[in-house]
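Participant: For the protein sequence lines, the chains are A and B, in the order given. Residues in the first sequence are numbered consecutively from 15, following the working numbering. Residues in the second sequence are numbered consecutively from -14, following the working numbering.
Hints are computed from structural coordinates only; laboratory data are not their basis. Where a beta carbon is used, it is the ideal one built from N, C-alpha and C, also for glycine. You can trust all of the hints, since none of them are fake.
Below, a sample of chain A positions facing chain B; criterion: calculated Cβ distance under 8 Å:
(1) Leu154
(2) Tyr155
(3) Pro162
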Amino acid sequence: MAKIILDRLKAKFAGDVLETSSFRGDDVAVVKAERWREIAEFIKTDAECLCDYFVDLSVIDNLDPQTEEVDRAGRFEVYYIVYSVTKKHRVRVKARLDGESPSIATLVSVWSGANWMEREAWDMYGVDFEGHPDQRRILLYEEFKGHPLRKDYPANRAQPLIEYREGTHNKLGPFLQDEGMPLNRSVTLDERSHKPS
Amino acid sequence: MAELETHVLSGAESAIVPTRFDALLNWARKYSLFQYPFVTACCGMEFFSTASPRYDLARFGAEAPRFSPRQADVLWVVGTISQRQAPVLRRIYEQMTEPKWVIAFGTCASCGGFYDNYTSVPGIDKIVPVDVFIPGCPPRPEAVLDGLMLLQHKIGTGDRTPVSVKNTQLPDGAETQLERLYQIRMKP
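Just chain B, with the same shape it has in the complex (with noise of 0.2 Å):
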């Protein structure tokens, strides 16, 4: 695998790359990845926002929606979703084809969020399987690429573990650059 993307990325001239097929197939998988936006909150807006332009998902072969499951690859869960809706999230994840993948957008659909009560479903994996939660409320597109990022990874690897993108750690002297940043801003 590793020689693959050596080869293929830097151009060598030999013609034969010596690898298993399933590694082949999980690098082209994870290259090319149609997603199913299952938006039902505010968290679609930093969705749009990650796919648009700025942050660009296109860039990690993951540009093209799919409004139908049965032609997607990933379901992004975007949003809370209420008890009344479980069993609809659940048929959309039935109807899509494998191999499938599925993402937790946000803290509400992650684990409910602070709707600890009869309207939410506490967390998406009680419905359907998960394999990578992107906490935050809304989170960053930062997140919301290490989280594509992770799954990728995922993929590539064939982990169907669950993982969770960790919080962002600001380099050393950030904050205090940040806050001067913002002091210039306030200036009037």
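Just chain A, same shape as in the assembly (with noise of 0.2 Å):
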């Protein structure tokens, strides 16, 4: 449907798309990381196109936790989604990133709403966003360290702010699965509380 803004994007960035598709209406661009900025201003202010609601903005990692190896042509794609109002059609546009040190230009300038997706984004995954206004953890903690969501992340791994009580284990109640447990004896509740104390 919104096939238009691939054929758009073919015509006008010819050397810079390196593949399209499209499934059952939805329609993908991969686009070279360099060329990031531009194509987000053509997608949004080309007649044809004119996308100008910022749907989603997100990253994916293509590390196997088990092998430790990207299968892909790089670990990470970022990707965003952009729909117009007024033409009724959406698309979704991604880049590849290497693993080392991903960045890529922010699209503030051109969808303010991209904002506070880049920063979960540079939360969650890591991923540097050129130029944004404000780049700072969005949903954790200054203290924090790493990036929670790439998969080299060990996934029960926890950085509390503030010292566990002494004497709590990670985990485990306080008790065992007997123990302080009035009404699990069998004494009822209502005998012990008539009882005289």
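These two chains come separately, so use the hints to put the complex back together.
Facilitator: In structure tokens form, the structure reads like this:
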């Protein structure tokens, strides 16, 4: 349906659109990371595209946690989805980044809705958005080390902000199955509460 | 204590009831609990349900919510506590005046639930001391009332060991009865 955006992109940025695909109305363009910003501006301002509504931005980590290898062209894939309220079509645009220091131009000056989404992508995946006006963590705290949604971040590693109380066990309540449970004992609650203390 | 309850509740004519002062004090405390609901997640729905007329928390003298921790006796921690929220929870607890009690409402507050990851505190007893754990995802209002009665029992006896609400066992034959009701209701 929105094939028109893909056609426009291919005509305008012939060498910079690496792949396009369409599946049941979902149109995807994979573009060169260096032209990320220009292509975004084109998709927003071109009279045929007019994608004015920024829907989503996120990152895919292609690292295989078992083999620690990447079987794709780049470890991180940044993508955004934009929609045109007037033309009623949408498109997904992707760029591939390397795993060492993933970095790409910010889109905040094109769609201001990208601001918090890029902050989230930085928070969770550590993708650096060059030129972002305020690139801080958005969900986690400043003391957090690393980026938790990367595939090489251990799934169960927590970084508590404050020390746990003494004598508590990670993931365990302070009692075993049959300890400290008055309702579980042979005396019922009623009998206990009416016993002289 | 027992005499006090019997005499007062039965409206006996004797005007003098011998008891210990701490027993009298605890008896007063357990039936006038001011609560601070620290509601963070979906368990809150079940908390509202428990507090509203159908299950009626007010029957237990615990109907007054106080949105200042300084005026509250019971801290209800209802829902998942994230690592980022942990310092807030501890500060709320520290602001409460003695005597104070804490109820962990639901599985997430009790042990972190299925959130075994970077976001969540694996049980609020890592942050504040807990008196009653109410497991369930979310717990039914009946379980919550069980938990509240456990807390009242603990207040009455001065017991501060952490306790947990036990799984409810259906009485014999109840399951088949439920099944029959279900089938009747599902008939067109």
